[in-house]
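Those sequence lines, one after another, are chains A and B. When you line the first sequence up against the working numbering, it's residues 4 to 209, in that order. When you line the second sequence up against the working numbering, it's residues 4 to 209, in that order.
There's no promise every hint is true.
[Stated by the list, open to error] Negatives, chain A to chain B, calculated, CB over 10 Å:
#1 Met69
#2 Asp87
#3 Leu145
[Said to hold, decoys possible] List time: in silico DSS-like cross-link candidates among lysine-lysine, alpha-carbon distance up to 30 Å:
#4 B/Lys31 - A/Lys188
#5 B/Lys188 - A/Lys53
#6 B/Lys127 - A/Lys127
#7 B/Lys188 - A/Lys122
#8 A/Lys127 - B/Lys122
#9 A/Lys65 - A/Lys88
Bear in mind the hints are in silico, worked out from the structure with no lab data behind them. Built from N, CA and C at the ideal position, the CB exists for glycine as well.
Number of protein chains: 2
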Amino acid sequence: MEKNITSQTLSRLPIYFNYLVSLPEERKKGNISATAIAEALGLNDVQVRKDLASVSCGGRPKVGYMTSELIGDIGKFLGFENHDKVVVAGMGNFGRAMLEYNGFEAYGFDIICGFDCNKERVGKNVGGKPVRHIDELEDFCLTNDIRIGIITVPETAAQEVCDRMAEAGIKYILNFAAVHINAPKGVAVHNENISLTLAMLARCGA
Amino acid sequence: MEKNITSQTLSRLPIYFNYLVSLPEERKKGNISATAIAEALGLNDVQVRKDLASVSCGGRPKVGYMTSELIGDIGKFLGFENHDKVVVAGMGNFGRAMLEYNGFEAYGFDIICGFDCNKERVGKNVGGKPVRHIDELEDFCLTNDIRIGIITVPETAAQEVCDRMAEAGIKYILNFAAVHINAPKGVAVHNENISLTLAMLARCGA
Chain A
4 MEKNITSQTL
14 SRLPIYFNYL
24 VSLPEERKKG
34 NISATAIAEA
44 LGLNDVQVRK
54 DLASVSCGGR
64 PKVGYMTSEL
74 IGDIGKFLGF
84 ENHDKVVVAG
94 MGNFGRAMLE
104 YNGFEAYGFD
114 IICGFDCNKE
124 RVGKNVGGKP
134 VRHIDELEDF
144 CLTNDIRIGI
154 ITVPETAAQE
164 VCDRMAEAGI
174 KYILNFAAVH
184 INAPKGVAVH
194 NENISLTLAM
204 LARCGA
Chain B
4 MEKNITSQTL
14 SRLPIYFNYL
24 VSLPEERKKG
34 NISATAIAEA
44 LGLNDVQVRK
54 DLASVSCGGR
64 PKVGYMTSEL
74 IGDIGKFLGF
84 ENHDKVVVAG
94 MGNFGRAMLE
104 YNGFEAYGFD
114 IICGFDCNKE
124 RVGKNVGGKP
134 VRHIDELEDF
144 CLTNDIRIGI
154 ITVPETAAQE
164 VCDRMAEAGI
174 KYILNFAAVH
184 INAPKGVAVH
194 NENISLTLAM
204 LARCGA
């Protein structure tokens with residue numbers, strides 16, 4: 004295994020990981036070759052072979068990798084074997100979708116709780132996770148050592164919730180509200196913009 | 004206005020656009036300087052000044068740009084003044100959130116209709132938009148010349164819906180199902196992976 008990995012390789016590792024994790028369970032029990040991965044993802048197979056060799060020593064000529072082992076190796080390299088607890092603020096359709104979304108687990112994220120200020124939503128379970136009142140946010144996050152928060156509140160409330168998350172010790176915030184929010188010092192915010200993703204796809208071909 | 008624009012500038016234009024569009028309505032009626040934009044986004048102000056000058060000739064020394072004009076110029080450059088009709092397949096929480104999301108309009112996307120196979124969902128309105136049966140997808144898309152589709156169905160159905168969208172003449176597909184789907188020839192698919200975005204933010208600082 005090489006220790007020096009290029010930023011290009013690093014940027015592709017999550018793509019391989021994502022693809023492998025999304026395979027049907029039967030295929031995860033078998034082997035997979037760099038060539039097969041390259042074909043499925045439309046990438047150059049020499050490049051894929053090199054990328055995989057830089058993070059896993061499980062590849063065998065003509066056999067390929069044990070899929071589950073390769074998932075483990077890439078995940079370990081990327082730090083996905085960590086388990087990080089995540090909270091979601093805003094229990095509209097978007098927030099409820101986050102609590103029900105079953106793609107987080109493979110990346111080591113446990114969405115453990117939702118928050119809302121609407122009494123009709125508080126106290127219910129969504130996707131098996133409890134919804135608490137937003138006023139419990141600070142206490143809950145500090146007590147449970149939460150470092151990651153997802154914001155799915157209306158635009159008008161997004162900056163305030165961001166500030167409250169920061170006060171509660173949260174260090175990483177993924178914002179889905181359709182408004183740019185600013186990170187307080189020491190906190191990283193990613194403003195996810197679905198319209199922009201769509202625009203880059205449909206208008207710029209990216 | 005320069006006609007040759009670097010790919011770096013091109014990648015930043017949507018960030019400016021997104022920021023400007025997200026400003027409160029009062030601020031959109033006033034002026035804004037490159038310096039103010041640079042500060043708000045944590046970018047170099049010389050770079051921002053150059054970027055803006057390459058797509059808008061509305062900037063004045065010490066005054067800046069008329070915000071609304073600058074939004075128009077950047078949007079025009081990026082093709083956001085187009086109006087593209089978009090359909091959403093899958094009316095779970097995620098799909099309903101898409102129909103209700105009000106960030107698409109500024110980018111020139113009209114989400115006009117949702118589709119589902121569940122009889123309890125079909126015929127209802129979500130976010131003021133009708134939900135039709137998935138079996139109407141092909142006819143509806145061909146009749147209305149739909150080029151863009153969003154997939155929010157369960158993982159097991161995502162590839163099939165993708166194939167059906169392609170048959171219905173859709174050219175650009177944004178996939179939110181937590182599974183990698185392959186684009187039929189002539190169709191561009193963007194597999195949006197929320198877990199990956201979160202992982203890049205919280206584990207790789209990107």
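Results for each hint:
1. Met69: holds (20 Å)
2. Asp87: Contrary to the label, A/Asp87 does not stay out of reach of chain B, its closest Cβ about 6 Å off (not over 10 Å).
3. Leu145: The claim stands: A/Leu145 keeps its Cβ more than 10 Å from every Cβ of chain B (closest is about 18 Å).
4. B/Lys31 - A/Lys188: Given pair B/Lys31, A/Lys188 holds - Cα atoms ~27 Å apart, limit 30 Å.
5. B/Lys188 - A/Lys53: Given pair B/Lys188, A/Lys53 holds - Cα atoms ~28 Å apart, limit 30 Å.
6. B/Lys127 - A/Lys127: holds (25 Å)
7. B/Lys188 - A/Lys122: At roughly 49 Å apart (the allowed maximum being 30 Å), A/Lys122 and B/Lys188 break the hint.
8. A/Lys127 - B/Lys122: Satisfied, since the Cα-Cα distance of roughly 26 Å is no more than 30 Å.
9. A/Lys65 - A/Lys88: Roughly 40 Å between the alpha carbons, so the hint for A/Lys65 and A/Lys88 is violated.
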